[in-house]
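J.: Sequence:
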Amino acid sequence: MKKFFLLLVFILGLPLLINAQDSLAVDSLIFISGPLEQPPNFLEIASEGEVTTKQTESYNYSLQIFEALKDDDKESLANLVPDLDDAISLMTLAYWTNRHARKQIMNDLEGWQIDLQNRIQDSFDNVRKEAEDADFDWSSAEIIQVDNSFKPSSQFAGGEVNIYVKDEEGNKYRIRVGSLFEVEGEWRMWNQFLTN
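Residue numbers for the sequence shown follow my numbering, beginning at 19 and rising by one.
Don't take every hint at face value.
To be verified - Using 27 Å as the maximum straight-line C-alpha spacing, the simulated DSSO-like pairs for lysine-lysine come out as follows:
#  : residue 1 : residue 2
1  : 184       : 121
2  : 88        : 147
3  : 184       : 147
4  : 121       : 169
5  : 92        : 184
6  : 190       : 169
7  : 92        : 121
8  : 147       : 92
9  : 92        : 190
10 : 190       : 121
These are calculated hints, taken from the structure and not from any lab test.
With these hints in hand, go ahead and build the complete structure from the sequences.
T.: Structure (C-alpha coordinates):
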(Lines of atoms letter the chains of each structure in order from A and count residues from 1; the text may use other names and numbers.)
(Lines give C-alpha, C1' and ligand atoms only; values in the text may rest on other atoms or scores of the structure.)
Protein backbone atom coordinates (compact mmCIF):
# COMPACT_ATOMS: atom_id res chain seq x y z
CA MET A 1 0.00 0.00 0.00
CA LYS A 2 2.84 2.38 0.87
CA LYS A 3 4.52 1.79 -2.53
CA PHE A 4 1.22 2.38 -4.31
CA PHE A 5 0.74 5.68 -2.43
CA LEU A 6 4.27 6.87 -3.31
CA LEU A 7 3.73 5.90 -6.96
CA LEU A 8 0.41 7.78 -6.99
CA VAL A 9 2.05 10.88 -5.45
CA PHE A 10 4.82 10.72 -8.05
CA ILE A 11 2.39 10.35 -10.96
CA LEU A 12 0.12 13.14 -9.73
CA GLY A 13 3.05 15.42 -8.99
CA LEU A 14 4.77 14.84 -12.34
CA PRO A 15 2.58 17.32 -14.30
CA LEU A 16 3.60 20.05 -11.86
CA LEU A 17 7.24 19.37 -12.61
CA ILE A 18 6.61 19.16 -16.35
CA ASN A 19 4.90 22.56 -16.24
CA ALA A 20 7.79 24.05 -14.27
CA GLN A 21 8.59 26.23 -17.28
CA ASP A 22 5.75 28.50 -16.11
CA SER A 23 6.69 28.07 -12.48
CA LEU A 24 8.98 29.56 -9.88
CA ALA A 25 10.69 28.14 -6.85
CA VAL A 26 11.22 30.76 -4.15
CA ASP A 27 12.49 29.54 -0.78
CA SER A 28 10.24 26.48 -1.14
CA LEU A 29 8.29 24.78 -3.87
CA ILE A 30 5.92 27.51 -5.04
CA PHE A 31 4.45 27.40 -8.52
CA ILE A 32 3.24 30.52 -10.31
CA SER A 33 1.20 30.46 -13.45
CA GLY A 34 -0.32 33.58 -14.92
CA PRO A 35 -3.72 33.67 -16.62
CA LEU A 36 -3.96 31.52 -19.76
CA GLU A 37 -6.49 33.85 -21.37
CA GLN A 38 -6.17 37.58 -21.69
CA PRO A 39 -8.15 39.37 -18.96
CA PRO A 40 -10.31 42.36 -19.92
CA ASN A 41 -8.49 45.64 -20.51
CA PHE A 42 -8.71 48.09 -17.63
CA LEU A 43 -9.95 50.93 -19.82
CA GLU A 44 -12.72 48.72 -21.26
CA ILE A 45 -14.16 47.59 -17.92
CA ALA A 46 -13.51 50.58 -15.65
CA SER A 47 -16.12 53.25 -15.11
CA GLU A 48 -15.30 56.84 -15.96
CA GLY A 49 -14.95 57.55 -12.23
CA GLU A 50 -12.50 54.65 -11.76
CA VAL A 51 -10.38 55.83 -14.68
CA THR A 52 -10.32 59.38 -13.26
CA THR A 53 -9.33 58.04 -9.83
CA LYS A 54 -6.49 55.96 -11.29
CA GLN A 55 -5.28 58.87 -13.42
CA THR A 56 -5.19 61.03 -10.29
CA GLU A 57 -3.23 58.35 -8.44
CA SER A 58 -0.79 58.08 -11.36
CA TYR A 59 -0.46 61.88 -11.40
CA ASN A 60 0.33 61.93 -7.66
CA TYR A 61 3.04 59.30 -8.08
CA SER A 62 4.38 61.32 -11.02
CA LEU A 63 4.74 64.28 -8.64
CA GLN A 64 6.70 62.05 -6.27
CA ILE A 65 8.99 61.01 -9.13
CA PHE A 66 9.51 64.63 -10.13
CA GLU A 67 10.33 65.68 -6.55
CA ALA A 68 12.82 62.81 -6.22
CA LEU A 69 14.61 63.90 -9.41
CA LYS A 70 14.50 67.57 -8.44
CA ASP A 71 15.98 66.83 -4.99
CA ASP A 72 18.37 64.14 -6.33
CA ASP A 73 16.83 61.75 -3.80
CA LYS A 74 16.64 58.18 -5.11
CA GLU A 75 15.66 56.91 -1.67
CA SER A 76 12.31 58.69 -1.88
CA LEU A 77 11.45 56.44 -4.84
CA ALA A 78 11.92 53.23 -2.82
CA ASN A 79 8.16 52.66 -2.51
CA LEU A 80 7.80 52.76 -6.32
CA VAL A 81 10.57 50.26 -7.08
CA PRO A 82 9.21 46.71 -7.26
CA ASP A 83 10.47 44.21 -4.70
CA LEU A 84 10.37 40.43 -5.12
CA ASP A 85 6.82 40.19 -3.71
CA ASP A 86 5.68 42.76 -6.29
CA ALA A 87 7.35 40.76 -9.05
CA ILE A 88 5.63 37.58 -7.88
CA SER A 89 2.27 39.42 -7.88
CA LEU A 90 2.91 40.64 -11.42
CA MET A 91 3.81 37.17 -12.65
CA THR A 92 0.78 35.65 -10.93
CA LEU A 93 -1.72 38.17 -12.30
CA ALA A 94 -0.32 39.31 -15.64
CA TYR A 95 -1.28 37.80 -18.95
CA TRP A 96 1.70 37.50 -21.28
CA THR A 97 1.28 37.42 -25.03
CA ASN A 98 4.96 36.47 -25.22
CA ARG A 99 5.14 33.28 -23.15
CA HIS A 100 8.83 32.86 -24.02
CA ALA A 101 9.68 36.23 -22.42
CA ARG A 102 7.70 35.26 -19.33
CA LYS A 103 9.53 31.94 -19.14
CA GLN A 104 12.92 33.70 -19.33
CA ILE A 105 11.96 36.06 -16.50
CA MET A 106 10.56 33.21 -14.42
CA ASN A 107 13.81 31.27 -14.76
CA ASP A 108 15.44 33.93 -12.57
CA LEU A 109 12.72 36.16 -11.18
CA GLU A 110 14.88 37.40 -8.33
CA GLY A 111 17.69 38.30 -10.77
CA TRP A 112 15.18 40.05 -13.05
CA GLN A 113 13.80 42.06 -10.13
CA ILE A 114 17.31 43.07 -8.97
CA ASP A 115 18.23 44.02 -12.55
CA LEU A 116 15.06 46.16 -12.77
CA GLN A 117 15.96 47.92 -9.51
CA ASN A 118 19.46 48.61 -10.84
CA ARG A 119 18.14 49.89 -14.18
CA ILE A 120 15.77 52.28 -12.38
CA GLN A 121 18.60 53.55 -10.15
CA ASP A 122 21.04 53.94 -13.07
CA SER A 123 18.47 55.62 -15.30
CA PHE A 124 17.64 58.06 -12.47
CA ASP A 125 21.27 59.24 -12.62
CA ASN A 126 21.20 59.32 -16.42
CA VAL A 127 18.09 61.54 -16.50
CA ARG A 128 19.60 64.00 -14.03
CA LYS A 129 22.86 64.12 -15.99
CA GLU A 130 21.16 64.48 -19.38
CA ALA A 131 19.15 67.45 -18.13
CA GLU A 132 22.18 69.04 -16.46
CA ASP A 133 24.20 68.60 -19.67
CA ALA A 134 21.46 70.61 -21.39
CA ASP A 135 21.91 73.37 -18.77
CA PHE A 136 18.71 72.45 -16.98
CA ASP A 137 18.65 73.69 -13.37
CA TRP A 138 16.98 71.05 -11.21
CA SER A 139 16.89 73.33 -8.16
CA SER A 140 14.45 75.71 -9.87
CA ALA A 141 12.48 73.04 -11.77
CA GLU A 142 8.71 73.07 -11.81
CA ILE A 143 6.11 70.95 -13.57
CA ILE A 144 4.42 72.29 -16.66
CA GLN A 145 2.33 69.22 -17.51
CA VAL A 146 1.96 65.50 -16.80
CA ASP A 147 0.71 63.07 -19.46
CA ASN A 148 -0.43 59.66 -18.24
CA SER A 149 -0.71 57.39 -21.26
CA PHE A 150 -2.74 54.50 -19.93
CA LYS A 151 -2.16 51.51 -22.19
CA PRO A 152 -5.43 50.61 -23.92
CA SER A 153 -4.41 46.95 -24.17
CA SER A 154 -3.40 46.51 -20.51
CA GLN A 155 -5.33 44.71 -17.82
CA PHE A 156 -3.77 47.15 -15.32
CA ALA A 157 -4.25 50.88 -14.77
CA GLY A 158 -1.20 52.81 -15.93
CA GLY A 159 1.37 53.04 -18.67
CA GLU A 160 4.08 55.44 -19.83
CA VAL A 161 4.24 58.79 -18.05
CA ASN A 162 5.72 61.99 -19.48
CA ILE A 163 6.44 64.80 -17.04
CA TYR A 164 7.20 68.12 -18.72
CA VAL A 165 9.23 70.52 -16.60
CA LYS A 166 10.97 73.86 -16.90
CA ASP A 167 13.53 75.76 -14.87
CA GLU A 168 13.59 79.47 -13.99
CA GLU A 169 15.64 80.23 -17.13
CA GLY A 170 12.90 78.75 -19.30
CA ASN A 171 14.83 75.59 -20.18
CA LYS A 172 12.42 72.73 -20.72
CA TYR A 173 12.92 69.02 -20.19
CA ARG A 174 10.76 65.91 -20.49
CA ILE A 175 11.01 63.16 -17.86
CA ARG A 176 9.87 59.84 -19.33
CA VAL A 177 8.87 56.98 -17.06
CA GLY A 178 8.77 53.84 -19.21
CA SER A 179 6.03 52.14 -17.25
CA LEU A 180 4.15 53.16 -14.10
CA PHE A 181 1.18 50.98 -13.32
CA GLU A 182 -0.84 49.46 -10.53
CA VAL A 183 -0.85 45.78 -9.57
CA GLU A 184 -3.05 44.71 -6.65
CA GLY A 185 -3.52 48.28 -5.46
CA GLU A 186 0.21 49.09 -5.49
CA TRP A 187 1.73 51.54 -7.99
CA ARG A 188 5.22 50.61 -9.17
CA MET A 189 7.71 51.60 -11.85
CA TRP A 190 7.98 48.51 -14.07
CA ASN A 191 10.56 50.05 -16.36
CA GLN A 192 13.41 52.47 -16.04
CA PHE A 193 13.42 56.16 -16.86
CA LEU A 194 13.86 56.70 -20.59
CA THR A 195 16.24 59.37 -21.84
CA ASN A 196 15.12 61.84 -24.48
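J.: Each of the hints needs a verdict: does it hold here or not?
T.: Each hint, compared with the structure:
1. Pair hint residue 184 plus residue 121 does not hold up; C-alpha atoms about 42 Å apart against a cutoff of 27 Å.
2. Proposed proximity of residue 88 and residue 147 is supported: the alpha carbons are some 12 Å apart, at most 27 Å.
3. As the CA atoms of residue 184 and residue 147 are separated by approximately 15 Å, the hinted pair is consistent with the 27 Å bound.
4. Annotation: proposed proximity of residue 121 to residue 169 holds, straight-line Cα distance about 23 Å (limit 27 Å).
5. Between residue 92 and residue 184 the alpha-carbon distance is near 20 Å, which keeps this suggested pair within the 27 Å criterion.
6. With a C-alpha separation of about 26 Å, the suggested pairing of residue 190 with residue 169 holds against the 27 Å cut-off.
7. Simply put, residue 92 and residue 121 have alpha-carbon atoms about 31 Å apart, too far for the 27 Å limit, and the pair is violated.
8. A threshold of 27 Å between alpha carbons decides the hint, and for residue 147 with residue 92 the separation of about 14 Å falls inside it, so the pair holds.
9. At roughly 22 Å between alpha-carbon atoms, residue 92 and residue 190 fall within 27 Å of each other, so this suggested pair holds.
10. Proposed proximity of residue 190 and residue 121 is contradicted: the alpha carbons are some 41 Å apart, above 27 Å.
Consistency note: the structure conflicts with the earlier hints numbered 1, 7 and 10.
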